[in-house]
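**Student:** These protein sequence lines map, in sequence, to chains A and B. FYI, the numbering used here numbers position 221 of the first sequence as 221, with every residue one higher than the one before it. FYI, the numbering used here numbers position 278 of the second sequence as 278, with every residue one higher than the one before it.
Hints listed in this document are in silico derivations from the structure and should not be mistaken for laboratory results. A portion of the hints provided could be inaccurate.
No copy labels: a pair is met if it fits in one copy or bridges any two.
[Said to hold, decoys possible] In silico EDC-like pairs for lysine to aspartate or glutamate, Cα to Cα no more than 16 Å straight-line:
hint, residue 1, residue 2
1, K496, D554
2, K224, D333
3, K499, E545
4, K463, D587
5, K321, E595
6, K59, D392
7, K510, D51
8, K555, E595
9, K408, E87
10, K79, D587
11, K321, D203
12, K510, E98
13, K288, E549
14, K546, E10
15, K510, D203
There are 2 protein chains.
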Amino acid sequence: MAEPVLNPRELEFQLYEVANTESLLEREKFSEHSRETIDAMLDTAQRVAGDLFANHNRKGDLQEPQFIDGEVHTIPEVKEAFSAFAETGFLAGRQSFEEGGMQLPEIVMASAMGIFTAANPGTTGYPFLTIAAVNLIQHFASDELKATYLPPMLDGRFSGTMALTEPHAGSSLADISTQAVALEDGSYSIKGSKLYISGGEQDITENIVHLVLAKIKGGPAGTKGISLFLVPKRRLDAEGHSGEKNGIALAGLIHKMGYRGTTSTALSFGGDGETIGYLIGEPHQGLKYMFKMMNEARLGVGFGAVVMGYQGYQYSLAYAKDRTQGRPIANPDPSQPPVSIVQHADVKRMLLEQKALVEGGYALCMYGARLIDDQQTHPDQQAREEAGLLLDLLTPMIKAWPSEYCTKANDLAIQVLGGAGYTRDYPVEQYWRDNRLNPIHEGTNGIQALDLLGRKVWLKNGKPLQLLHQRMLKDISAVAEENRELASSLEVTLGKIAKLVPTFGQAMQKTGPETVLANASCFLNLMGNTVVAWMWLRMANIVAEKLPEAVGNDKDFYAGKLQAARYFFRWQLPLVERDLQLLEGLDTTCLDMRESWF
Amino acid sequence: MAEPVLNPRELEFQLYEVANTESLLEREKFSEHSRETIDAMLDTAQRVAGDLFANHNRKGDLQEPQFIDGEVHTIPEVKEAFSAFAETGFLAGRQSFEEGGMQLPEIVMASAMGIFTAANPGTTGYPFLTIAAVNLIQHFASDELKATYLPPMLDGRFSGTMALTEPHAGSSLADISTQAVALEDGSYSIKGSKLYISGGEQDITENIVHLVLAKIKGGPAGTKGISLFLVPKRRLDAEGHSGEKNGIALAGLIHKMGYRGTTSTALSFGGDGETIGYLIGEPHQGLKYMFKMMNEARLGVGFGAVVMGYQGYQYSLAYAKDRTQGRPIANPDPSQPPVSIVQHADVKRMLLEQKALVEGGYALCMYGARLIDDQQTHPDQQAREEAGLLLDLLTPMIKAWPSEYCTKANDLAIQVLGGAGYTRDYPVEQYWRDNRLNPIHEGTNGIQALDLLGRKVWLKNGKPLQLLHQRMLKDISAVAEENRELASSLEVTLGKIAKLVPTFGQAMQKTGPETVLANASCFLNLMGNTVVAWMWLRMANIVAEKLPEAVGNDKDFYAGKLQAARYFFRWQLPLVERDLQLLEGLDTTCLDMRESWF
Chain A
1 MAEPVLNPRE LEFQLYEVAN TESLLEREKF SEHSRETIDA MLDTAQRVAG DLFANHNRKG
61 DLQEPQFIDG EVHTIPEVKE AFSAFAETGF LAGRQSFEEG GMQLPEIVMA SAMGIFTAAN
121 PGTTGYPFLT IAAVNLIQHF ASDELKATYL PPMLDGRFSG TMALTEPHAG SSLADISTQA
181 VALEDGSYSI KGSKLYISGG EQDITENIVH LVLAKIKGGP AGTKGISLFL VPKRRLDAEG
241 HSGEKNGIAL AGLIHKMGYR GTTSTALSFG GDGETIGYLI GEPHQGLKYM FKMMNEARLG
301 VGFGAVVMGY QGYQYSLAYA KDRTQGRPIA NPDPSQPPVS IVQHADVKRM LLEQKALVEG
361 GYALCMYGAR LIDDQQTHPD QQAREEAGLL LDLLTPMIKA WPSEYCTKAN DLAIQVLGGA
421 GYTRDYPVEQ YWRDNRLNPI HEGTNGIQAL DLLGRKVWLK NGKPLQLLHQ RMLKDISAVA
481 EENRELASSL EVTLGKIAKL VPTFGQAMQK TGPETVLANA SCFLNLMGNT VVAWMWLRMA
541 NIVAEKLPEA VGNDKDFYAG KLQAARYFFR WQLPLVERDL QLLEGLDTTC LDMRESWF
Chain B
1 MAEPVLNPRE LEFQLYEVAN TESLLEREKF SEHSRETIDA MLDTAQRVAG DLFANHNRKG
61 DLQEPQFIDG EVHTIPEVKE AFSAFAETGF LAGRQSFEEG GMQLPEIVMA SAMGIFTAAN
121 PGTTGYPFLT IAAVNLIQHF ASDELKATYL PPMLDGRFSG TMALTEPHAG SSLADISTQA
181 VALEDGSYSI KGSKLYISGG EQDITENIVH LVLAKIKGGP AGTKGISLFL VPKRRLDAEG
241 HSGEKNGIAL AGLIHKMGYR GTTSTALSFG GDGETIGYLI GEPHQGLKYM FKMMNEARLG
301 VGFGAVVMGY QGYQYSLAYA KDRTQGRPIA NPDPSQPPVS IVQHADVKRM LLEQKALVEG
361 GYALCMYGAR LIDDQQTHPD QQAREEAGLL LDLLTPMIKA WPSEYCTKAN DLAIQVLGGA
421 GYTRDYPVEQ YWRDNRLNPI HEGTNGIQAL DLLGRKVWLK NGKPLQLLHQ RMLKDISAVA
481 EENRELASSL EVTLGKIAKL VPTFGQAMQK TGPETVLANA SCFLNLMGNT VVAWMWLRMA
541 NIVAEKLPEA VGNDKDFYAG KLQAARYFFR WQLPLVERDL QLLEGLDTTC LDMRESWF
């Protein structure tokens, strides 16, 4: 068996020591699980990911899927990996025991998916999308559709996709023009072009279930007229077997700079004969359904960004321990042998920054996953509601912050390796290229910023932000003496944010939302860094408890956490002062810029 | 003819309005040039670059050089481009008229090279390296070597390389182990492995002249024992014709994430029979010679980073003007047609940031090129000396700042395009990949930081920094009323830097250099951003003069410059406050980190 893919000590720390997953297992729904069974499942994930996913991560990048004579060809390792994934049971990880699932907490599912993504983001794209599609169908589709499509998706015979984007409509889904025309039997004829559909065609499953946004002819304009359809690649016969093709033409494969293992497709529904689709839920509610699933998809994007960042960090760390170059500044004697570069302060900086970014992002994503669990299974109703509100508020940060900063961590990993990092003989450049998708897909980070400042901050009269504030203050007041420096910084930033938000409300009332939203990205950056600082404070608080009695490797492990927390508070958090200033002044530099001036 | 490659209006602004190149033409050496002749040369560069370099920029990336049966094969367009470049005369652009050159000012040469790099960085690598090698040979080699090798290099029959790095010695040249053994005829037998040698093998010129760092057996240890050798790929016969191979084995081609048009090679000197080399200058002075040329090479790296950033900016700007998506926040009516994305504030932000970064970097590099001219040709001796000192001080910033921030601009260009930017159907991802080499080669940015804070700041008792300070204060005091906001910010930052540096000196005396140099990268970042802010102040001062009387496109052009200057001062410069705080407190977070804690 290969080495564990994702550092097991870090996983243990995040899952049990920080997110306190064992407390979840006391709940009715998870009472048949124990730390031992969960660890066994995650060990399985490590093993399968190591043996059958990590083995072709580079190969999948070098030999991207080919489109030959109308058929897509992926390297054979992808199908093998997908099958093995299905056999682990994780495709049905969220489903109840009665449904044949593993009834796992969300935080465990997220951890497992993180392991596979760390091993091979491209190949993991297929199960990731399938799980997301299953979730949506299960929540919103009719019993008949569920009975027909879920079993083959859960056992890996069918995969899933999300078909939203069109050539002329990406961020602006209001403008999609794919049409659905009702047929006599209650199904619909679907016609239109979709672009950048990940996994939209492949040769690894017998069928593909596309979840397609389309407009029913005669419906309202804009997003209010969007409906959601289940559209199989091949129609099913009466016994549920995949039969004739369903009229979907593959217009082409998109060639990307990274994430090459997952096909990205241009699909033409109705482009090769009639395409039949089945309405999911009510007409014109499609976007609502899709967005209901977005919290989880966006958490998946954020956590994917984290583990890619984490792998780059681990690789560059191992390289820095091994590679010798130069001598200590205090003793540069050339007759002495060179030292490992991890001993140079500037290399430590690049490693410590990676550590602070990726482990901070890790804690944030685990926090988000735990909120999903609390929203769904907390015994107290108020706690469930609060978890939902917090999750709504944090989702744009969970998607955007890791996708920006853990990609930055990958950039630092390249720099640690120097010339070697720039070559394709080392994996760090691929981590960067793969991760660079994350600030773009599932809503660009600019869209996340508008979601946060334009919508989430104002939900329920600002209750989610108040809840966040309270939770942070609780951890600030519980701070250990040695972490007071960190707690004070966070408290100061928090105070400024608390003053800032009401000024936005006033400005919006006075002059409309334009001036405030012009700098939404600054606010997202400010909030993202603040919540990650909070995560580091929480981790530092845990360390303060455990370090005094820690021995051996644990002593180093906890000391490193504390130093990374300090790095985050001293080097990273102060950068938001810029954002605070701009936001406090309602800066209009960008808004005032004119097209003709560029 | 193709469109001009690099925006001619920007080039005109930088070259004539900001750097005042016409004043150079009054000097004796350049008296035969006029603005008209220089413009004609740059037009030639635009034409040749557009027709014969830009045409295969993507192809060179997709079809990187192949190593088949011991031979390197590049696509045929590269040889054609190299020949056309030679025909323009720019290979001998710096040489005097008597030497058959064009006797051009450095700032004009830099501008011309910028045009070619903008069109195709990979292919431009070959002439760039040849020009650098010519320069070095001309300065330090014997008349005999010059007479033998310069003519075929200047007319493009031979190309040049710089062979410094070895598998175990990159940043630490002290440890190179390539050996030179004196032969009876005064030449040397060279034996050793070199890595990442750009242009080290190719099929476009009849011969290659390697400039190789090696140690003469029995010399001193460390950098003091390094000598420089001229080592041809093929030995020359008595008539100077390229004859038999010189024993250099190509161990392999390195596959890079970008800059793929330039071969990167592993060479084994003495790996295929005996390799003969010729000493350049005195023994053990090799590193000094190499570094003497580094100012110009590092300026080339910085300016290359600028033009790649600039091209990404221009492309994403054109895309943003063309691509429609969404509606104005103030009027989101979905029944109205969508607007071009350049009208969204957050897209303006990403474009304005690119503009502020790349045009600021442009001015910095032009300033550096002008200093080279002043160092070489200013009629006043004190002015020549001062230009040399300033150039020494600015060189690490000129290399590092654009290579970091103009690569960041390329990242923003990807984000402006969204999903399209992530595909290989659009050029922006290649700009990023190509540019990502620049923070690494010619001394990593970490090495630049040590050069700045460990050496340059302390030269001649700190005179270069005083000179820089004076020049900035001069522009601050000459500020136009409407730019007072900008001047004040710069003055405040400058005051803090002036207080900071003496504290470094004291700390170094007290505890040695380790603590101070631990945060050298912060200081480099602080200084780089401060000098680019100064460049923006200089540009804003020029605009203040010209805007009142400007008409038509010029009015927009200057208004855009002013807005970009404001962006830089409001959004970019405040980020250095973090660095100032860390440096003022002699932060030891990174230094204190231990290997075992990672």
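**Student:** Each of the hints needs a verdict: does it hold here or not?
**Tutor:** To see whether the hints hold, each was checked on the structure:
1. In the homo-oligomer, the alpha carbons of K496 and D554 never lie at most 16 Å apart, since the shortest distance is 37 Å inside one protomer and 42 Å across protomers.
2. Taking CA atoms no more than 16 Å apart as the test, K224 paired with D333 passes between copies only; the shortest distance there is 12 Å, against 72 Å inside one copy.
3. Taking CA atoms no more than 16 Å apart as the test, K499 paired with E545 passes in neither setting, with 33 Å inside one copy and 41 Å between copies.
4. Neither within a single protomer nor between protomers do K463 and D587 lie at most 16 Å apart by alpha-carbon distance, with minima of 26 Å and 39 Å respectively.
5. In this assembly of identical chains, K321 and E595 lie within 16 Å of each other by CA distance solely across copies; the values are 8 Å between and 50 Å within a copy.
6. For the homomeric pair K59 and D392, neither the shortest alpha-carbon distance inside one copy (38 Å) nor that between copies (46 Å) is at most 16 Å.
7. When the C-alpha separation of K510 and D51 is checked against a cutoff of 16 Å, the pair qualifies neither within a copy, at 60 Å, nor between copies, at 55 Å.
8. Only between protomers do K555 and E595 lie at most 16 Å apart by alpha-carbon distance; the minimum there is 13 Å, versus 57 Å within a single protomer.
9. In this assembly of identical chains, K408 and E87 lie within 16 Å of each other by CA distance neither inside one copy nor across copies; the values are 35 Å within and 43 Å between.
10. With identical chains, the CA atoms of K79 and D587 are never at most 16 Å apart, being 52 Å at best within one copy and 51 Å at best between copies.
11. Taking the closest pair of Cα atoms, K321 and D203 never come within 16 Å of each other, the shortest separation being 42 Å inside a single copy and 39 Å across copies.
12. Taking the closest pair of Cα atoms, K510 and E98 never come within 16 Å of each other, the shortest separation being 55 Å inside a single copy and 72 Å across copies.
13. When the C-alpha separation of K288 and E549 is checked against a cutoff of 16 Å, the pair qualifies neither within a copy, at 50 Å, nor between copies, at 55 Å.
14. Taking identical chains as interchangeable, the C-alpha atoms of K546 and E10 lie at most 16 Å apart only when both belong to the same chain, with a minimum of 15 Å there against 59 Å between chains.
15. Taking identical chains as interchangeable, the C-alpha atoms of K510 and D203 are never at most 16 Å apart, the minima being 57 Å within one chain and 68 Å between chains.
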